[in-house]
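Those protein sequences? They're chains G and L, same order as listed. Residue numbers are given in the numbering used here: position 65 of the first sequence equals residue 65, and the series is strictly consecutive. One gets the numbering used here by counting positions in the second sequence from 1 and adding 187 to each.
Errors might be hidden in some of the hints.
[Stated by the list, open to error] FRET-style restraints, in silico, Cβ to Cβ:
{"#": "1", "chain 1": "G", "residue 1": "Q104", "chain 2": "L", "residue 2": "E429", "range": "55 to 61 Å"}
{"#": "2", "chain 1": "L", "residue 1": "K309", "chain 2": "G", "residue 2": "R127", "range": "23 to 29 Å"}
{"#": "3", "chain 1": "G", "residue 1": "V29", "chain 2": "L", "residue 2": "V210", "range": "50 to 56 Å"}
{"#": "4", "chain 1": "G", "residue 1": "E97", "chain 2": "L", "residue 2": "G423", "range": "39 to 45 Å"}
{"#": "5", "chain 1": "L", "residue 1": "K467", "chain 2": "G", "residue 2": "T117", "range": "30 to 36 Å"}
{"#": "6", "chain 1": "L", "residue 1": "L384", "chain 2": "G", "residue 2": "V29", "range": "50 to 56 Å"}
Hints in this document: simulated from the structure, not taken from any laboratory. Where a beta carbon is used, it is the ideal one built from N, C-alpha and C, also for glycine.
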Amino acid sequence: MGFLDSILGKTRLPEAKTDRLFAISTAAVTMEANLGLLPDGQAGLCIKPMESTYYESARKEIEDLLKLSFQETGTLHAIQKDEYGYIWVVLTDPDFEDLVASIQMISQILIEQGFGTQLLAAVYRFRGEATVYWIYSFKLGSYYPFVPKSGKQRDTAMEFRLRSIMQSELPIERDMAKWYPMWGMPI
Amino acid sequence: MIRWKVDRGLEARMLLTMLLLAVLYLAFLAILVSQGVDNIIIIIFAGGFVLLQYYFSDKMILSSMGARIVSESEAPELHQTVSRLCAIADLPMPRIAIVNSSMPNAFATGRNQKNAVVAVTKGIMQKLDQSELEAVLAHELTHIKNRDMMVMTIATFLSSVAQILVRNLPFMGRGRDRDSGGSFVVIFAVSLLVWILSFILIQALSRYREFAADRGAAIITGQPSNLVSALMKISGFRVPTEDLRRVEGPVSALFIVPPLTRSSIMNLFSTHPPLEARIKALQSIEQSLVS
């Protein structure tokens, strides 16, 4: 948001940053080698809720886009609403490269269609000793780890370990106060 | 048995600090000798006092902290954890004390490996989970392993000797005739400088010992991140638990998040290195464990 905009009180949400979204695809190799973590074949795109009247048309629009996009790749997709009223595009594909490419493509299309400021996060699930999520914040333009334990607890030690080891390959959010969790995701 | 990996840079800095302290001490001894003073007696007294302090420090520290030695039947889990860590670190089992305080803290004391005590507060046992507590205990055991109590006592002794010497130097004018106020100012400035220098050096040495203990804890547990997590929790920082969707939601509240404190000048005078520096060091250990 520019200086003049803030003076004039024009609220503008920051544009979605997608340039570093791709980094996860190479990072997955290191994650498997050094941490024994494997991609779990699922990823999700979380989109901020809109006015309810707008929601149905938006949902339909996204649905059409997805159908068109996945005719060839065979990536399975589903659209869901979560308890916070956010829209989730859940993708299932055993090939991680395809999954990353799909997330990239959908977010790109959504930005072109004017949903850019509504894009909240892209989430990838990995499995190993525990389930590990890498959350990409479109606002921050960076990733951060999220390892949930039972009872809305986080395995912070594991999260720090992920940061230490993946730091050189993945753009990880430096400010840990912004590592907001996402509980009960549909992926 | 784990062989201690050597951190050359850290060793060099420690050695340099100790050397500088010794040089400081020796320089003043030289001045003393050239002045032909009987300050030796004062030093013997000081030495005796420090020796006394060294032998009774564990009891002094424990009683000043309100720590109580607990038996194996009183705290079986704590004893089990410490004895397992001692087996890895090749240390004799220390005594274990518990401090009845809600502040999260832990410390080690004792003049040598056989007379060591590891103390933890009730607060730290509540706040940390098992693996984090283990990392903290390993940190304290490394202090014992590295004989930090002895190193710091010697360093403090050397600096106190330097201070005594400065205060009692004949040209400082204690009980003697003075002819000009100018030289007094100079000497006062010098003695102040000595005090500040030795103080900073000791604090620096202490910080290096902390880094070394962090490193030891990382090696003993094999999981540097557990210590990082523990340090963060002890410092009061928590990774948020509030859901991103709630924070980013249409009706989002203002969140006041405590930032990681940064300070630069204060670092010179602190016995513990800043959290960020410790975490950074632990991260590079984590990376080296993988590669």
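Okay, the hints, checked on the actual structure:
no., hint, result
1, G:Q104 to L:E429: 55 to 61 Å, "violated (28 Å)"
2, L:K309 to G:R127: 23 to 29 Å, "violated (37 Å)"
3, G:V29 to L:V210: 50 to 56 Å, "holds (52 Å)"
4, G:E97 to L:G423: 39 to 45 Å, "holds (42 Å)"
5, L:K467 to G:T117: 30 to 36 Å, "holds (35 Å)"
6, L:L384 to G:V29: 50 to 56 Å, "holds (52 Å)"
The structure fails to meet hints 1 and 2 from the earlier list, while all remaining hints are met.
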